[in-house]
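Per UniProt numbering, residue 1 is the first one in the sequence shown, and the count goes up by one each step.
Keep in mind that the hints were calculated from the coordinates and are not lab data. None of the values given here were measured: they were computed from a predicted structure. Each hint should be verified, as a subset may be incorrect.
Stated by the list, open to error - Only pairs whose alpha carbons sit at most 30 angstroms apart, straight line, appear in this in silico DSS-like list of lysine-lysine:
(1) 194 - 137
(2) 56 - 194
(3) 95 - 138
(4) 210 - 137
(5) 95 - 137
(6) 82 - 118
(7) 93 - 210
(8) 93 - 128
(9) 82 - 137
(10) 160 - 138
(11) 194 - 20
(12) 194 - 138
(13) 93 - 160
(14) 128 - 160
(15) 82 - 128
(16) 118 - 20
(17) 95 - 210
(18) 138 - 128
(19) 137 - 56
(20) 82 - 93
(21) 82 - 95
(22) 82 - 160
(23) 95 - 160
(24) 82 - 138
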Amino acid sequence: MRPIVDLTLTYTNDFIGFSKEISKTIDADGWNASTLTFYSHCGTHMDAPIHFNVSKQTIDHIPVTDFVGRAWVVDVRHIGSKGLINPEHIPQKIKDEFVAGDSLIFWTDWSQYANTPKYRDELPRISKDLALWCVSKKVKMIGVEPPSVADVNNLDEVTKIHQILLQGVVIIEGLTNIDALQTNCVELIALPLKIGDGDGAPARVIAIEKYL
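All chains, please: the whole structure from these sequences, using the hints.
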């Protein structure tokens with residue numbers, strides 16, 4: 001069996017944008033249940049084109065075939081705080097083997113800062129050139145560790161990068177545990193909650209190693 005690695009952050013009550021409250025208990029009701037409250041773009045989540053009005057496509061209408069495929073892991077840990085990730089940061093070997101429909105995961109080690117001001121305010125981000133490159137190369141999914149592919153404190157930038165990517169690229173934000181991967185080529189599976197008319201949704205994201 002091929003190794004399977006979970007790339008999903010764990011939702012707890014310490015997590016910004018999420019709460020879990022007791023709804024039912026065994027003693028009082030006969031079973032345990034919870035009431036969950038999510039911000040649609042908290043934790044490990046995926047964006048739909050309607051998030052930035054690129055189109056009217058919502059998360060429940062993205063084809064499930066767009067959620068599975070071969071992905072290349074790009075090590076950009078050297079980029080650092082507020083750095084820009086550019087096409088030249090993708091190794092030539094990956095570019096040579098990349099085919100339309102493949103996906104990219106950018107390893108920044110940024111998930112270590114989750115739920116801190118640095119996580120949101122100093123994130124490394126996708127450059128305009130890289131966003132355009134991804135669209136032109138028909139990248140299926142792009143996965144990042146920070147809570148956004150762009151500077152959330154710069155409305156012009158965050159709008160521009162999302163609007164470019166969402167023309168054809170599925171965006172996954174808030175990944176973690178990339179350092180557990182033993183190879184730079186995996187089968188990526190990212191399944192968002194099927195929320196009607198959703199602008200985005202939490203997702204369970206896994207990587208299956210030794211892609212063949």
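Given the hint that residue 93 pairs with residue 160, does the C-alpha gap stay at or below 30 angstroms? holds (29 angstroms)
* Is the hinted pair residue 95 and residue 137 satisfied, with a Cα-Cα distance of at most 30 angstroms? -> holds (10 angstroms)
Is it true that the CA of residue 95 sits at most 30 angstroms from the CA of residue 138?
-> holds (13 angstroms)
Given the proposed pairing of residue 194 with residue 137, does the C-alpha separation stay at or below 30 angstroms? holds (27 angstroms)
query: If you draw a straight line from the CA of residue 93 to the CA of residue 210, is it 30 angstroms or shorter?
result: Given that 30 angstroms is the threshold and the Cα spacing comes to 17 angstroms, the pair holds.
Problem set entry | Proposed proximity, residue 128 with residue 82 (alpha carbon, max 30 angstroms) | At roughly 14 angstroms apart (the allowed maximum being 30 angstroms), residue 128 and residue 82 satisfy the hint.
Worksheet item: CA of residue 194 to CA of residue 138, is that 30 angstroms or under?
Response: holds (24 angstroms)
query = Can the restraint linking residue 82 and residue 95 be considered satisfied, given a maximum Cα separation of 30 angstroms?
reply = Roughly 25 angstroms between the alpha carbons, so the hint for residue 82 and residue 95 holds.
Report task. Take the C-alpha atoms of residue 128 and residue 160, compute the straight-line distance between them, and say whether it is at most 30 angstroms. Result -> holds (8 angstroms)
query: Keeping to a limit of 30 angstroms between CA atoms, is the pair of residue 95 and residue 160 held or broken?
result: holds (24 angstroms)
- Item | Restraint status (C-alpha distance of residue 194 to residue 20 at most 30 angstroms) | Since the Cα atoms of residue 194 and residue 20 sit roughly 20 angstroms apart, the hinted pair holds (cutoff 30 angstroms).
Q) Holds or violated: are the alpha carbons of residue 82 and residue 93 at most 30 angstroms from each other? A) holds (26 angstroms)
In summary, the structure agrees with every hint in the numbered list given earlier.
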